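Below are the chains, spelled out letter by letter.
Protein chains: 2
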Amino acid sequence: MKEKEFLQEVKEINLLQQALGILDWDTQTGMPEKASAYRSEVDSYLYSIYFSKKIGPKIKEAIRYFSEHPEELSEVGTAVFAKVKEEYDLEHRVPEDLMRKYTAAVSSAHGQWQKARETQQFSDFQHALNQNIELTKQLIPYWRKDEKTNYDVLLNQYEPGMTVEILDKVFDQLKEGILSIRRTLQEKGTEPETDFLNRRMTKKQQKRFVVKVIEQLGYDFSRGRLDDTVHPFMTGINPNDARITTRWNETDFKMAVFGVIHEAGHGMYEQDIDDKYAYTPVYEGTSMGIHESQSLFNEIIIGSSRSFWKKQYPFFQECAEGTFDDIPFDKFYRSLNHTKSSLVRIEADSLTYPLHIIIRYEIEKMIFNEGVDVAELPEIWNQKYEEYLGIRPTNDVEGILQDVHWSGASFGYFPSYALGYMYAAQLLHSLQQEIDVENVLASDDYSPIKNWMSEHIHQYGASRKPNQLIMDATHEPLNPQYLIDYMKDLYFNVYQVK
Amino acid sequence: MKEKEFLQEVKEINLLQQALGILDWDTQTGMPEKASAYRSEVDSYLYSIYFSKKIGPKIKEAIRYFSEHPEELSEVGTAVFAKVKEEYDLEHRVPEDLMRKYTAAVSSAHGQWQKARETQQFSDFQHALNQNIELTKQLIPYWRKDEKTNYDVLLNQYEPGMTVEILDKVFDQLKEGILSIRRTLQEKGTEPETDFLNRRMTKKQQKRFVVKVIEQLGYDFSRGRLDDTVHPFMTGINPNDARITTRWNETDFKMAVFGVIHEAGHGMYEQDIDDKYAYTPVYEGTSMGIHESQSLFNEIIIGSSRSFWKKQYPFFQECAEGTFDDIPFDKFYRSLNHTKSSLVRIEADSLTYPLHIIIRYEIEKMIFNEGVDVAELPEIWNQKYEEYLGIRPTNDVEGILQDVHWSGASFGYFPSYALGYMYAAQLLHSLQQEIDVENVLASDDYSPIKNWMSEHIHQYGASRKPNQLIMDATHEPLNPQYLIDYMKDLYFNVYQVK
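Protein chains in written order, with the UniProt record's numbering: chain A, 1 to 498; chain F, 1 to 498.
The reader is advised that the hints may include incorrect statements.
Where chains are identical, the list cannot tell them apart; a pair therefore holds if satisfied intra-copy or between any two copies.
The calculated SDA-like cross-link candidates involving lysine to any residue, where the alpha carbons are at most 20 angstroms apart (straight line), are [as the list claims (entries may be wrong)]:
{"hint": "1", "residue 1": "Lys204", "residue 2": "Asp227"}
{"hint": "2", "residue 1": "Lys34", "residue 2": "Ala278"}
{"hint": "3", "residue 1": "Lys34", "residue 2": "Arg225"}
{"hint": "4", "residue 1": "Lys85", "residue 2": "Gln8"}
{"hint": "5", "residue 1": "Lys254", "residue 2": "Asp325"}
{"hint": "6", "residue 1": "Lys450", "residue 2": "Arg93"}
{"hint": "7", "residue 1": "Lys115", "residue 2": "Leu377"}
{"hint": "8", "residue 1": "Lys34", "residue 2": "Asp275"}
{"hint": "9", "residue 1": "Lys488", "residue 2": "Ser341"}
{"hint": "10", "residue 1": "Lys145", "residue 2": "Arg64"}
{"hint": "11", "residue 1": "Lys53", "residue 2": "Glu12"}
{"hint": "12", "residue 1": "Lys4", "residue 2": "Tyr45"}
{"hint": "13", "residue 1": "Lys34", "residue 2": "Leu226"}
{"hint": "14", "residue 1": "Lys148", "residue 2": "Asp24"}
{"hint": "15", "residue 1": "Lys212", "residue 2": "Glu33"}
{"hint": "16", "residue 1": "Lys203", "residue 2": "Leu90"}
{"hint": "17", "residue 1": "Lys145", "residue 2": "Leu90"}
{"hint": "18", "residue 1": "Lys212", "residue 2": "Arg225"}
{"hint": "19", "residue 1": "Lys203", "residue 2": "Ser454"}
Bear in mind the hints are in silico, worked out from the structure with no lab data behind them.
Predicted model only: the values in this text are computed from it and were never measured.
Here chain A stands alone, though its shape is the one from the complex (with noise of 0.2 angstroms):
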């Protein structure tokens, strides 16, 4: 088998998932409502093309013959074998009739969760979790490598290299940093008023001002596009087509100005990798942790900072159209950065965001590593948030019903957000090195910060993996501290802590 021959085979299954990025999107974004069951034949099919074409026989040839001759492909060549063999390892051992068991118990999950949701009872919903649950510990052997424990199997899964071992000490470390930040905000911080926070801005003069600040971060509109859905998301179809969604509230102008600024991170991310990846596996981001630091880089790092808000502050007054014409800079930028404990997952600030993501860690941990009772989760949940947050929910909707991830069986994803905002102030760390962060932020031209990113994360794709790219990146391993000297900072600052 020839390098071009397997290329080929490689750009086939990508033209296919094109396809399917792009139905996806649309059944996301402007579907008709009554379009959906044949949309999902549409899928279904297609997905069987594109998966048979992945566990087929080029691939499986393409895979037993440069396994053997491994100094036959170019560099690109070896990412790209790389890849694919790693995915196809993944997907190829499933015996069909689990993976079909499991995919029909996923479907069914989700309208049990929507279903519990309603009657506010998890009970509706623990015989659905429980079975996503079992197919999924079912399953951990034919994905496992070399992975120590069934949880860490799960990890590896959206952040390969990520272990419990790492994760045990990071989140300890972590969420003593933020106890400790809140226990002195609580004593020695001034609280930032926000009453004004929820005037009304319109959807138009709510885009006006973040197109034209994700366009000055370097999103490329004529590589991407902006449309509104429910649920918010990116999706990248091709390198010239990374389009992103928001939603929009006209009495909370934070939701769609910072969500579209963390979109169009991982916008920016995709649109940003080398072109030679394209049509290839290696052309995506290399993980969710790595993909969420990029976006929780946009809309954290860059959107708490004075400097930016300082210079992006008379054309948000402008675009508000004197909404905001009373608000002095000062008062406006503290508000944008207050804290508090909240129940909801999404609508957690950045300070007391990594502790609901901790929980849930925990509780993952329990559920694949320490056989707990699913029974017992709601009650295991609830006592976390008092003992980490201080409050308590008062029904499941605003407890463990709250998150869609458990319905999908998407077991282990959750650290990556937590890992994103870690790797994202990690790297500002060492940006800060080379580049005075402050000084771009207050200026017009916002590239230098881009191309450092590009530089050191987005060109790479998939042919680095998470670890090595923020070694290379930042000469160490991960760090929380990096993270909770950043949020001390910003926090003692906006509180006035002295």
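Put chain F on the given structure of chain A with help from the hints.
Positioned in the frame of chain A, the structure of chain F alone reads:
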């Protein structure tokens, strides 16, 4: 082979077609501008899978088997088999090499046409047009069934059963009828005032009006949607997904208002075909002419009705927020039906429109049946405009270069527009025998009209040929007199001819 197996193959082909349909819709509506090269690769790969199934071994075997055992097919199976066989016969005979040449020529001709429009020189398009013509002539023997002349073969691709013999007669009668009406209007008519038609109406105001109107007409937004494009179109993806598009002009509300009503007519047809044909090639309009009959029935027959506008005008005025408050109904209504010779087909009014089509028909016939020299076409074109419409293009862009069709080698397509218009008037005549149409249009409930169309046209999809549908619905073959009488009534009324 079992029918079930045959229909499963047909369904898979249809699922690929649905995916291609969404990709095409996306390309035309929302795709980021720089993504087109990637998109072409996706399109052509998916198309190759689609096409190779369409002429593949399973379909071939089904044709062999069911040609010998037609009695084993159900009613739906029989209709599907007829359509599949028809398409197979058309497609599998053409030598691959010729088809490749043809596709390449068409694709390059489009660029040449665009270039010629920039230079305003037909000579820059002449070579490409000649290529399209020569290759089409080479294809005709492969496409021919039992049609008499070359041009009959082309006509049949868009309007099965239509012939030069019929069209010569019909178009002569129509041309005479229109010219006679135009003479009368000139001699005895009072021209309506139109100076207020260009008053500014925002896209939002226009959209509010027209969306309500097409919902009343029967377009179902839960199974469709309306988007913005440069070139308006309707695309039927599946029974629950028939999307329409439009362009907006804030100083010419007629463009979008009538444009959307037109596309909604196409959409209603596609939304209304009997579900039993879903996932087969029978679930589509039976011909271009019948499709246009539905869009033009909406746009012209309903859209020119006095009762319709009498009922809608107060809401129109409300949507325009005061802009038309000083225009009394009668003055407004008459302005909509102003007629005047013009050079550009897509801007023509409904009286002169068929003359534009007849000119193209006569020229296409000269090309394919009489071997006219392509170099002479601009002069022939201009002479015909002078003869039929009394005006002469001053350059080729407002003359022979105005339409995209010939650059795409869509020869034989133009007559569909006029056929649709004649069908629409003939259908109106029959509808009037059963329903008081003006009374219905004066009411809040237009459903009797849609129900009649559904019963006589829509439900059948492509299971009946155009001539059969028209014969069954109106009890006579195509008769241009209905359109002539209709136009006489309408324009004599508007022009107050005593």
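Structure-based check of all given hints:
1. For the identical chains of this complex, Lys204 and Asp227 are neighbours both inside a copy (13 angstroms) and across copies (18 angstroms), given an alpha-carbon limit of 20 angstroms.
2. Taking the closest pair of Cα atoms, Lys34 and Ala278 come within 20 angstroms of each other only across two copies (14 angstroms); inside a single copy the shortest separation is 35 angstroms, beyond that limit.
3. With identical chains, the CA atoms of Lys34 and Arg225 are at most 20 angstroms apart between copies only, with a shortest distance of 11 angstroms across copies and 25 angstroms within one.
4. When the C-alpha separation of Lys85 and Gln8 is checked against a cutoff of 20 angstroms, the pair qualifies only within one copy, where the shortest distance is 16 angstroms, while the shortest distance between copies is 33 angstroms.
5. Within a single copy, Lys254 and Asp325 get their C-alpha atoms as close as 17 angstroms, which meets the 20 angstroms cut-off; across copies the closest is 41 angstroms, which misses it.
6. Proximity of Lys450 and Arg93 under a CA criterion of 20 angstroms is satisfied in neither setting, with 40 angstroms inside one chain copy and 55 angstroms between copies.
7. Taking the shortest alpha-carbon separations for Lys115 and Leu377, only the intra-copy value of 18 angstroms comes in at or below 20 angstroms, while the best inter-copy value is 68 angstroms.
8. Proximity of Lys34 and Asp275 under a CA criterion of 20 angstroms is satisfied inter-copy only: 14 angstroms between copies versus 38 angstroms inside one chain copy.
9. In this assembly of identical chains, Lys488 and Ser341 lie within 20 angstroms of each other by CA distance solely inside one copy; the values are 17 angstroms within and 76 angstroms between copies.
10. Only within a single protomer do Lys145 and Arg64 lie at most 20 angstroms apart by alpha-carbon distance; the minimum there is 19 angstroms, versus 52 angstroms between protomers.
11. With identical chains, the CA atoms of Lys53 and Glu12 are at most 20 angstroms apart both within one copy (9 angstroms) and between copies (17 angstroms).
12. Taking identical chains as interchangeable, the C-alpha atoms of Lys4 and Tyr45 lie at most 20 angstroms apart only when they sit on different chains, with a minimum of 17 angstroms there against 27 angstroms within one chain.
13. Proximity of Lys34 to Leu226 under the C-alpha cut-off of 20 angstroms is restricted to the inter-copy arrangement: shortest distance 15 angstroms between copies versus 24 angstroms within a copy.
14. Taking identical chains as interchangeable, the C-alpha atoms of Lys148 and Asp24 are never at most 20 angstroms apart, the minima being 35 angstroms within one chain and 48 angstroms between chains.
15. In this assembly of identical chains, Lys212 and Glu33 lie within 20 angstroms of each other by CA distance solely across copies; the values are 18 angstroms between and 32 angstroms within a copy.
16. In this assembly of identical chains, Lys203 and Leu90 lie within 20 angstroms of each other by CA distance neither inside one copy nor across copies; the values are 44 angstroms within and 52 angstroms between.
17. Taking CA atoms no more than 20 angstroms apart as the test, Lys145 paired with Leu90 passes inside one copy only; the shortest distance there is 9 angstroms, against 54 angstroms between copies.
18. In the homo-oligomer, the alpha carbons of Lys212 and Arg225 lie at most 20 angstroms apart inside one protomer (13 angstroms), although the nearest pairing across protomers, at 28 angstroms, exceeds that limit.
19. For the homomeric pair Lys203 and Ser454, neither the shortest alpha-carbon distance inside one copy (31 angstroms) nor that between copies (40 angstroms) is at most 20 angstroms.
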